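Chains A and S are the protein sequences, given in the same order.
Quick note: the first sequence, position 42, residue 43 per my numbering, numbers continuous.
Quick note: the second sequence, position 122, residue 155 per my numbering, numbers continuous.
Rather than coming from a laboratory, the hints here were simulated on the basis of the structure.
For clarity, every value in this text was computed on a predicted model and none was experimentally measured.
Glycine included, every Cβ here is placed at the ideal spot set by N, Cα and C.
Incorrect hints may appear among the rest.
[To be verified] Here are the computed distance ranges between Cβ atoms for each label pair:
1) Trp169/A <-> Asp153/S: 40 to 46 angstroms
2) Ala28/A <-> Ser151/S: 43 to 49 angstroms
3) Pro124/S <-> Asn43/A: 44 to 50 angstroms
4) Gly104/S <-> Leu170/A: 22 to 28 angstroms
5) Leu20/A <-> Met69/S: 30 to 36 angstroms
6) Ser60/S <-> Glu163/A: 45 to 51 angstroms
7) Tyr167/A <-> Val125/S: 23 to 29 angstroms
8) Ala109/A <-> Ser91/S: 35 to 41 angstroms
9) Leu47/A <-> Glu46/S: 41 to 47 angstroms
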Amino acid sequence: MSRHQDSYNRNKKGSGFTLIEALVALAIVTVGLIPAFVEATNALNLASSIQNSLIATHLAQEGVEVVRAMRDDDWFAGAPFGTTLDACANGCRVQWNSAAVLPAADVALNRDPTSGIFSYDTGTATGFKRSLTITAVSAHERKVVVTVTWHDRTGAKQFQLEDHLYDWLK
Amino acid sequence: MKKNQQQGFTLIELLVAAVVFTFVVTSVSSLFVTAMNLQRRASGVQKIEENAQFALESIAREVRVSTVTSGDTNCAPVDPVSTATMSIHHPVNGDVTYRYDRSTGTGILYRNNQPITSSDVDITAFAFCVSGSGTDKKQTRVTMPMTLSSTGGPSSRVSVSLQTTVSSRDLTTDLK
Chain A
2 MSRHQDSYNR
12 NKKGSGFTLI
22 EALVALAIVT
32 VGLIPAFVEA
42 TNALNLASSI
52 QNSLIATHLA
62 QEGVEVVRAM
72 RDDDWFAGAP
82 FGTTLDACAN
92 GCRVQWNSAA
102 VLPAADVALN
112 RDPTSGIFSY
122 DTGTATGFKR
132 SLTITAVSAH
142 ERKVVVTVTW
152 HDRTGAKQFQ
162 LEDHLYDWLK
Chain S
34 MKKNQQQGFT
44 LIELLVAAVV
54 FTFVVTSVSS
64 LFVTAMNLQR
74 RASGVQKIEE
84 NAQFALESIA
94 REVRVSTVTS
104 GDTNCAPVDP
114 VSTATMSIHH
124 PVNGDVTYRY
134 DRSTGTGILY
144 RNNQPITSSD
154 VDITAFAFCV
164 SGSGTDKKQT
174 RVTMPMTLSS
184 TGGPSSRVSV
194 SLQTTVSSRD
204 LTTDLK
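Using the sequences and the hints given, assemble the complete structure.
Laid out in structure tokens, this is it:
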């Protein structure tokens with residue numbers, strides 16, 4: 002029997018894989034798949050995070066713009082600067098059509114499924130909470146801080162926007 | 034004769050091997066499909082983000098320094114409309130008309146009949162809620178509720194609803 006033939010027969014006799022070998026192979030495959038799972042989860046979290054940040058930044062911008070409109074309304078009415086705004090010194094809420102600030106409350110904005118409007122009126126809760134604080138920096142300056150909070154897959158999130166309004170109309 | 038002595042796989046071994054192979058292939062391919070859908074969702078969200086940001090930001094930028102010439106619109110719950118328009122007068126750009134149109138099947142925003150959002154994103158709902166326009170001692174506010182949806186299969190489609198308000202900086206109309 003040639004040497005080659007001998008080794009060929011020996012290989013054949015030493016049957017297939019043992020259970021341990023098979024398990025080790027499966028374990029390696031599984032370990033290899035873990036990063037793929039992690040990446041897929043990350044992609045999902047990131048997508049939902051971008052989505053919520055997009056909504057939150059626009060809601061925060063709305064808060065600042067509504068307060069600015071209230072400042073202008075005071076001017077038009079001939080009322081002193083801060084007449085409407087100073088009711089928010091200890092925190093408040095506003096919505097898109099507010100003429101004056103709403104009292105502070107820990108409630109989420111609702112979205113009307115028909116009109117698509119985010120407000121505190123009828124609708125389904127969105128999970129986004131918006132609170133404002135308007136502090137008097139001086140007699141002619143007010144600092145507006147809008148805070149939007151929400152929860153996503155990874156926990157509590159917050160977006161804050163600050164604006165300064167001046168009494169420049171003299 | 035020697036050939037007959039060589040052992041093949043037994044039926045059990047073959048079956049076990051086939052089961053293990055099937056298990057591995059199934060899990061890998063389902064993982065792949067899931068990852069593909071997640072990837073599509075992620076790129077859908079990105080497209081929605083880009084389009085919403087650009088459209089709302091460019092409208093806001095122009096509205097801030099303009100006079101809104103179209104009258105107040107009632108934004109109480111109404112039946113979904115497929116078109117909505119808003120006209121403004123910009124001190125430099127002149128008369129500008131923004132239009133939302135979904136009559137072609139895909140909701141798109143236009144500025145003077147030029148599209149400002151991509152057809153890759155369907156704006157399924159939009160409204161210009163104008164209040165305080167004209168001489169009413171109220172600053173003009175434009176509230177824009179918007180729902181955007183990415184195109185694609187149901188498992189990878191994403192829909193985002195958002196809203197923002199912009200108030201005009203124009204004092205000349207009401208300060209007379």
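So which of the earlier hints does this model not fit?
8
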